[in-house]
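Trainee: We have chain A already, so just place chain B on it with the hints.
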Amino acid sequence: MTGDPIYTEMIIEYSKHPSNFGEIENPDISRHDSNPLCGDSIDLQIKINENKVSDVKFKGKGCSICIACTSVLTELVKGKDLDEVKKIEKDDVLGELGLEHLIRTSPVRIKCALLSLKALKYGIYSYFIEKMKDEKSAGNLKEEATNLY
Amino acid sequence: MQTTISIETIRRDFPILQRKVRDNKPLVYLDNASTSQKPIQVIDAINNYYKNQNANIHRAVYALAEEATEAYENTREKIAKFLNIQKREEIIFLRGTTEAINLVAYSWGRQNVSKDDIIVTTEYEHHSNIVPWQLLTKEKGAKLEYIGIDDNGELILDQLDSYLATGKVKLVTFSQMSNVLGTITNTEEIIKRCKKAGVKTLIDGAQSVPHMKVDLSKLGCDFFAFSAHKMLGPTGVGVLWVRKEVLETMQPFHGGGDMIREVHKYETTWNDLPYKFEAGTPNIADVIGFSAAIDYLNKIGMDNIRNHEIELTKYALDKMSKVKGITIYGTKDIAKRGGVISFNFHDVHPHDVATIIDKDGVAVRSGHHCAQVLMERLDVAATNRASFYVYNTKQEVDALIGSLNKVAELFKL
Numbered sequence: 001m002t003g004d005p006i007y008t009e010m011i012i013e014y015s016k017h018p019s020n021f022g023e024i025e026n027p028d029i030s031r032h033d034s035n036p037l038c039g040d041s042i043d044l045q046i047k048i049n050e051n052k053v054s055d056v057k058f059k060g061k062g063c064s065i066c067i068a069c070t071s072v073l074t075e076l077v078k079g080k081d082l083d084e085v086k087k088i089e090k091d092d093v094l095g096e097l098g099l100e101h102l103i104r105t106s107p108v109r110i111k112c113a114l115l116s117l118k119a120l121k122y123g124i125y126s127y128f129i130e131k132m133k134d135e136k137s138a139g140n141l142k143e144e145a146t147n148l149y
Numbered sequence: 001m002q003t004t005i006s007i008e009t010i011r012r013d014f015p016i017l018q019r020k021v022r023d024n025k026p027l028v029y030l031d032n033a034s035t036s037q038k039p040i041q042v043i044d045a046i047n048n049y050y051k052n053q054n055a056n057i058h059r060a061v062y063a064l065a066e067e068a069t070e071a072y073e074n075t076r077e078k079i080a081k082f083l084n085i086q087k088r089e090e091i092i093f094l095r096g097t098t099e100a101i102n103l104v105a106y107s108w109g110r111q112n113v114s115k116d117d118i119i120v121t122t123e124y125e126h127h128s129n130i131v132p133w134q135l136l137t138k139e140k141g142a143k144l145e146y147i148g149i150d151d152n153g154e155l156i157l158d159q160l161d162s163y164l165a166t167g168k169v170k171l172v173t174f175s176q177m178s179n180v181l182g183t184i185t186n187t188e189e190i191i192k193r194c195k196k197a198g199v200k201t202l203i204d205g206a207q208s209v210p211h212m213k214v215d216l217s218k219l220g221c222d223f224f225a226f227s228a229h230k231m232l233g234p235t236g237v238g239v240l241w242v243r244k245e246v247l248e249t250m251q252p253f254h255g256g257g258d259m260i261r262e263v264h265k266y267e268t269t270w271n272d273l274p275y276k277f278e279a280g281t282p283n284i285a286d287v288i289g290f291s292a293a294i295d296y297l298n299k300i301g302m303d304n305i306r307n308h309e310i311e312l313t314k315y316a317l318d319k320m321s322k323v324k325g326i327t328i329y330g331t332k333d334i335a336k337r338g339g340v341i342s343f344n345f346h347d348v349h350p351h352d353v354a355t356i357i358d359k360d361g362v363a364v365r366s367g368h369h370c371a372q373v374l375m376e377r378l379d380v381a382a383t384n385r386a387s388f389y390v391y392n393t394k395q396e397v398d399a400l401i402g403s404l405n406k407v408a409e410l411f412k413l
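Protein chains in written order, with the working numbering: chain A, 1 to 149; chain B, 1 to 413.
Just chain A, with the same shape it has in the complex (with noise of 0.2 Å):
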């Protein structure tokens, strides 16, 4: 194939093989999102220990894009302190599987990469405010989730 590549050896075998894939009981946040344009749908689960995230779990269906990027996801926030997982964007996902060339290659695939990220934030929006109550450290959260793509 020619042009930017999609397909890597790594989105291949992440596709088969998920990180963290599954569910976690008890989660501090669960949230589920789904994309109607490929039916990806996936469950984004989190645990949260001091402050840090103690454990991350996701289940659900979706293309290969979408399960390479969630796997990719869960391996950076895993242990990080909310504060630093609160700052990871759109390029710390894809730059991990040289996937930035999709935002101006594939404004339609680009939604199946970023599901993920998306749950996550609008997840822990949820979090702070719901079960925190603590409307400062949800910041603008909720307005990135909804600019993401």
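Hint data in this document are derived by calculation from the structure and do not stem from the laboratory.
Certain hints may be false.
[What the hints assert, rightly or not] Taking lysine to aspartate or glutamate and the EDC-like style, the derived pairs with C-alpha atoms no more than 16 Å apart in a straight line are:
#1 B:Lys412 with A:Glu9
#2 B:Lys115 with B:Glu139
#3 B:Lys336 with B:Glu139
#4 A:Lys16 with B:Glu245
#5 A:Lys61 with B:Glu376
#6 A:Lys16 with B:Glu376
#7 A:Lys61 with B:Asp379
#8 B:Lys406 with A:Glu9
#9 B:Lys359 with A:Asp4
#10 B:Lys195 with B:Glu245
#11 B:Lys412 with A:Glu13
[Claimed, not checked] Computed, partial: chain A to chain B, Cβ under 10 Å:
#12 Tyr7
#13 Asn20
#14 Gly39
#15 Ser41
#16 Cys112
[What the hints assert, rightly or not] Far from chain A, some chain B residues (derived; all Cβ distances over 10 Å):
#17 Ile40
#18 Tyr146
#19 Thr355
The beta-carbon is built from N, C-alpha and C at its ideal position, and this holds for glycine as well.
Mentor: Using the frame of chain A, we list chain B on its own:
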């Protein structure tokens, strides 16, 4: 193709088929069940109307208006001949199949369906033949029932019999060809059984009319709907045909200009058929473009089109079934199948498949094809679908196969 017109000649009439996509690859367009491409004759007809004839129809007396009216009404005559319809006033121009089915649900449905009545549809319908009936049956407290499909993707007609036996069925509505499985419905048999039970029938002809000869006088259904854009014509034009005895009993769908005879402050009388159902300025230019599309199809001949697609579909099914890891849905019996092939690769998502083969310039559809009820029945989220038309060639099928082999290789199937 067994006709005097060669496929090369046909392809030359379609400007879009000359273009390149994705790194200078020739376009291989295999999404005809979604919409067909348009020949230059259709594009020119629309252009000509705007350049030389543009005027509103049915009202003014000047030359342009007369010409525009004539060109618009000529399309109605052509459709009557094309589908063997005796009465031109049974043909209503609308935006497409979706609007046509909604008109029937809104007008005829609201007048004739009451609490506990049953509307029967099928598991392989497009959303446009499901959602209008959900709206109607919910409003009326009526029931919506489905004729299921067997593992070959064919309707289980015994289920129709058990619904008809309740005596509560008001309408059986179904597509003459599935847009996902390509199954050609045993339309004559369903209509025969419904007639015996005194039940009306609506046929969604969006997938069938473009690809095979349809004779409405022979069929004997009550409502028939189809769209221009899947049969070489422009978007935004469709037809609803209703048997005159039924149409005469129906109240208007939209109120407005052109559909009236006299309007007073509190009372209005309706225009004659079919104008009673064509409120507002219609899509004149595209109806005229549609006329050129029908001329084009007539020139090739519908039987020739069907035969060409049978040949292509046979060729494609044979080659595709040899691709590693592929599942093909629907019947293997070519006599019961149109030029539509839905498939999946084991656990590879259809959008990954479509993106990989798009890089080779091959356009297939991936998704639920507006048939989520069928996706549930097949137990898949989505499928890939290749669908053929008169201008597709075996070389294009080969290009598809080449790309599909790449998918199998990439995903190590």
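Trainee: Decide, hint by hint, whether the structure agrees.
Mentor: Here is how each hint holds up against the structure:
no., hint, verdict
1, B:Lys412 with A:Glu9, "holds (11 Å)"
2, B:Lys115 with B:Glu139, "holds (9 Å)"
3, B:Lys336 with B:Glu139, "violated (36 Å)"
4, A:Lys16 with B:Glu245, "violated (60 Å)"
5, A:Lys61 with B:Glu376, "holds (14 Å)"
6, A:Lys16 with B:Glu376, "violated (24 Å)"
7, A:Lys61 with B:Asp379, "holds (13 Å)"
8, B:Lys406 with A:Glu9, "holds (14 Å)"
9, B:Lys359 with A:Asp4, "holds (10 Å)"
10, B:Lys195 with B:Glu245, "holds (15 Å)"
11, B:Lys412 with A:Glu13, "holds (10 Å)"
12, Tyr7, "holds (5 Å)"
13, Asn20, "violated (19 Å)"
14, Gly39, "holds (4 Å)"
15, Ser41, "holds (8 Å)"
16, Cys112, "holds (7 Å)"
17, Ile40, "holds (30 Å)"
18, Tyr146, "holds (21 Å)"
19, Thr355, "violated (6 Å)"
Going down the numbered hints, you'll see the structure goes against 3, 4, 6, 13 and 19, while the others check out.
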